[in-house]
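Undergrad: Sequences are here, hints too, so could you generate the full structure?
Under the numbering used here, residues 799 to 1326 are what the sequence shown spells out, in order.
Since the hints were derived computationally from the structure, they do not count as laboratory data.
Where a beta carbon is used, it is the ideal one built from N, C-alpha and C, also for glycine.
Zero decoy hints are in this set.
Each computed BS3-like pair below joins lysine-lysine, with the alpha-carbon atoms no more than 30 Å apart:
(1) 1295 / 1102
(2) 969 / 1315
(3) 1161 / 1024
(4) 1161 / 1035
(5) 1024 / 1035
(6) 1009 / 1035
(7) 1026 / 1009
(8) 1009 / 1161
(9) 1310 / 1295
Computed Cβ-Cβ distance ranges for the label pairs, DEER-style:
(10) 997 / 1317: 53 to 59 Å
(11) 924 / 1273: 20 to 26 Å
(12) 1178 / 995: 53 to 59 Å
(13) 1162 / 815: 32 to 38 Å
(14) 1029 / 1178: 42 to 48 Å
(15) 1320 / 916: 39 to 45 Å
(16) 871 / 1035: 34 to 40 Å
(17) 825 / 868: 48 to 54 Å
(18) 1029 / 864: 38 to 44 Å
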Amino acid sequence: LDQILLDLHDVGEEWVAAGVQAKGLQGNDFAEMEEWAGLAYIFRNIRLLANSLRDIRRSGRPQIPGLIDTLPNGQVRAQVFPVDRYDSMVFSGMTAEVWMQPGLTRAEVLQDQAWFYRQEPRTGIVTLVLGAGNVAMLLPADFLYKLFVEGSVVLLKMNPVNDYLGPIIEKGFRALIDRGFLRIAYGGAQEGNYLCHHPSVDQLHITGSDKTFDAILFGPGAEGQKRKEERRPLIDKRFTSELGNVTPVIVVPGPWTPEEIDAWGEKLARWLVLAGGFGCLTPRVIIQDAGWQHRRDLTDAIGKNLAAVQTREAYYPGAHQRHEEFLTAHPRCDQHGLPADGHLPWTLIRDVDAANTDDICFKNEAFCSLFAETALPAEDVPSFIESAVSFANEHLWGNLTATIIVHPRSLEDPQIARAVDRAVADLRYGTVLLNQYAGLGFIAMTTPWGAYPGNDIYDIQSGTDVTLNTLMFHSPQKTVVRNPFTVSPDPLSLHSKNAKEIAKRLAEMQFKPSPWKVPGMLWSAIRS
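TA: In structure tokens, the structure reads:
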């Protein structure tokens, strides 16, 4: 891992340039920032895994950076972020904790940590990783987890959408390839199907679509659907997966000022814009209180910010078709920006009828530059929170991640504070965030990332099992990320003047943290 960190750093410029070229991002400073930030968190993943292995060598398990305690319901909770003072500086006020599966004791959680390194030698396992085609950092996240947490060797099958990264991965991760721990394969569905059924492949993992998962496991078309209904899978191998989400953002009504409404309008617009809308964690349904006086103000602020953002090439296969399907169902939507050829507008569908729970916005992941807004009637704020949680749990497809936005003055009301605490506990999602973008639940890296436990292959939803999890917990239930409700200037906002420079400095900090790099980051942030 130490060698990989150096080798990947050597090809970092090439890695970013390849993504910028393939996605048509040249000249879009904010979009280029994303590519550098993605590289930064690959560095972080590698570095934290190496730290965990050093901890295992010294004391038998990775050291948890915060407290381990027990929630009122008896669940064990571990504080896993911030890891160090640099995290506290870059992500001021943000914390993350991992809730373990109910019934486990503190001693059992610690006993089961780094389970692969505690067992007797066994026969080796080959895992086929079917790589994600959208966000580059998902590729190392998946294969590093299988290699260093589960102890399997990996055959990485590149997705045709981003197979341009394959040769760069071969250089950056040559320390694994030279030792025979990692191999890379290319091709489309035919090659992928061949590898899935190959007798030398013991396990499968995919980051992608639930439809692709079903096609692999049961076969395509009507025949595959019949096999699924009859519970006759074609493959009898362990098959882990991360398959997306109709991601909810629950906005708790409160005494928001005009400045706060504008700031959160920018944040919510930014969360859609990140990765061009091609993210499993991209917000898809904003849930508001129908009676909140600022409901329209917030959606107007989102639209105002989207209108000022450069559109992007809709490079991911099927994006134009999916966008058209949503517009056919909701022709009266807000479309923002001036899309060039091959681009899509930033699209917000307002006022989706929450009573129509089969609406396409609730059941289909758009996976393009589109999200929706809906509203629920409620007698008071606690009732709204309860209704919003129920709506997300019962009517939105997937169970990967969900966000709650709540004003600090709202939390001064004990009833609202208790309702928010219940919401965090009751949301059946693998990662729940307060006042934070879902991506921050991913890039912490000490946090497990995956669907809420309990999905099976016949109703796979957002998948099974986790990745990342550099502290190597055996049985996590969910990650909870908490962040202040802040409206202070954000150096990585949609309107930042030098977002790319900040992200490049962040990559250097994650590559090798140093106090000498802090002034440069602060100066870049101030200039932004």
